[in-house]
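> Work out the full structure: start from the sequences and follow the hints.
Going from the sequence shown to our numbering is simple: count from 1 and add 555.
In short, the hints are calculated from the structure, not lab data.
We put the CB at the ideal spot given by N, CA and C, even for glycine.
Hints may be right or wrong, so weigh each one.
[What the hints assert, rightly or not] Label-pair restraints from in silico Cβ distances:
id : residue 1 : residue 2 : range
1  : R654      : R718      : 30 to 38 Å
2  : D765      : E653      : 25 to 33 Å
3  : F734      : C762      : 21 to 29 Å
4  : K599      : E775      : 43 to 51 Å
5  : C587      : G716      : 29 to 37 Å
6  : W771      : S573      : 43 to 51 Å
7  : K599      : R746      : 36 to 44 Å
8  : N648      : P829      : 18 to 26 Å
9  : G677      : M714      : 28 to 36 Å
[Claimed, not checked] Here are the simulated PhoX-like pairs of lysine-lysine, each with C-alpha atoms no more than 25 Å apart in a straight line:
id : residue 1 : residue 2
10 : K575      : K621
11 : K841      : K651
12 : K599      : K562
13 : K739      : K818
14 : K666      : K557
15 : K739      : K721
16 : K628      : K651
17 : K821      : K721
18 : K673      : K651
19 : K821      : K841
20 : K818      : K841
21 : K739      : K821
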Amino acid sequence: MKAISDKIKSIAAGLFDSGKIDVFIGWEGGPCDYAIRPYIARSKADLERMAFNEYAIHNSSNYLLKLRDGHEKIGIVVKGCDSRGVVRLLEDNQIKRERLYIIGVCCPGMKDPLLAIKAQSGLLPQRDCDNLADKCLNCLVPNPVIFDELIGEQQPPHMQGERFAKVAAIENMSVAERFQFFEKEFSKCIRCYACRQACIACDCRTCIYDEMRPQWVGRENSNSDNMMYHLVKALHMAGRCIECGECERVCPVGIPLMLINNKLAKDADRFFGPYEAGLSYVEGQKPALSVYRENDPDDFI
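The following block contains the structure:
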């Protein structure tokens, strides 16, 4: 990984020198490998703090939202899932393609820094933190789908087993069983909104759950309000989720959020496909549920 890290810094330094970028989005190293975190370098000197290692799991494209209202030319390093996030933002008109210089990294899979932190704390049950992160075991797109420069060799998908096996198990439940399952899961929600903050498709400037005048939805930590939050969020993800898995990874109470998102991805492909969100950028192209045609199938309504 050090060779990749050095290559990223070298390319970024050249971009600063040539005036092609004003800022660069990547990761900042910490006192130990798993302490790496997203970072925005605003000068060539800042690149000394940048790093890339096996724990650089965070979706870097999310940090483009911090810069969407400016005019800076932006350099960004992306893995496969991150690059789908870039496509997501381009399709939502959140950022202009001409502002971006994208460095793609072919990703062999990442480890989860949260598991490493928990393992080092000694306060929580031990889990194996030396293997690939759970979300990386279901990755179909380890290689960037949009880039100006590519680092590394193409990687095969990391998918283990049937992609929608867990979704099928839920589909095979009765309606009452499904309701009971999700009611139990959502009852654990503490409404921290970590899933929302980590989600690249949650790019509204003001979330409906932060609106106070008027207050559209309840903010209580109750089964009904929790269910409403997750259902509203899920419907907003339909046809837009890039399946990066960050929402589920950062959930502090372990709600299986990707069950819902995978189900929606499966149905979007079934009803409007073949379709996979964020796999390619075509100027003017919109997600499946962001356009309307009179001949759209509606027999499922």
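> Could you run down the list of hints and mark each one as holding or not?
To see whether the hints hold, each was checked on the structure:
Range check, R654 to R718: Cβ separation about 34 Å, and the 30 to 38 Å hint holds. For the hinted restraint 25 to 33 Å between D765 and E653, the CB-CB distance of approximately 31 Å keeps it satisfied. About 26 Å separates the C-beta atoms of F734 and C762, a value consistent with the hinted range of 21 to 29 Å. At roughly 49 Å, the beta-carbon separation of K599 and E775 lies within the given 43 to 51 Å, and the hint holds.
Distance hint check for C587 and G716: the Cβ-Cβ separation is about 32 Å, which falls inside the suggested range of 29 to 37 Å. Remark: the range hint 43 to 51 Å for W771 to S573 is upheld by a beta-carbon distance near 48 Å. Checked against the hint of 36 to 44 Å, the C-beta distance between K599 and R746 comes to roughly 42 Å, which is consistent with it. At about 24 Å, the CB distance of N648 to P829 agrees with the hint of 18 to 26 Å.
For the hinted restraint 28 to 36 Å between G677 and M714, the CB-CB distance of approximately 34 Å keeps it satisfied. Distance restraint check for K575 and K621: the Cα-Cα separation of roughly 19 Å lies within the 25 Å cut-off, and the hinted pair is therefore satisfied. This hinted pair checks out: K841 and K651 have alpha carbons roughly 15 Å apart, not beyond 25 Å. Annotation: proposed proximity of K599 to K562 holds, straight-line Cα distance about 14 Å (limit 25 Å).
For a cut-off of 25 Å, the pair hint linking K739 to K818 stands: about 18 Å separates their Cα positions. About 16 Å separates the Cα atoms of K666 and K557, which keeps this hinted pair within 25 Å; it holds. For the given pair, K739 sits about 17 Å from K721 by alpha-carbon distance, which is consistent with the 25 Å threshold. Restraint check: the Cα-Cα separation between K628 and K651 comes to about 10 Å, which is no more than 25 Å; the hinted pair holds.
In summary, the hint linking K821 to K721 is supported, as the alpha carbons are separated by about 12 Å, within the 25 Å threshold. At most 25 Å may separate the alpha-carbon atoms for a hinted pair to count; K673 and K651 exceed this at roughly 39 Å. Annotation: proposed proximity of K821 to K841 holds, straight-line Cα distance about 18 Å (limit 25 Å). Taken as a hint, the K818 and K841 pair is honoured in the structure, with Cα atoms around 20 Å apart against an allowance of 25 Å.
The suggested pairing of K739 with K821 holds, with an alpha-carbon distance near 23 Å, which does not exceed 25 Å.
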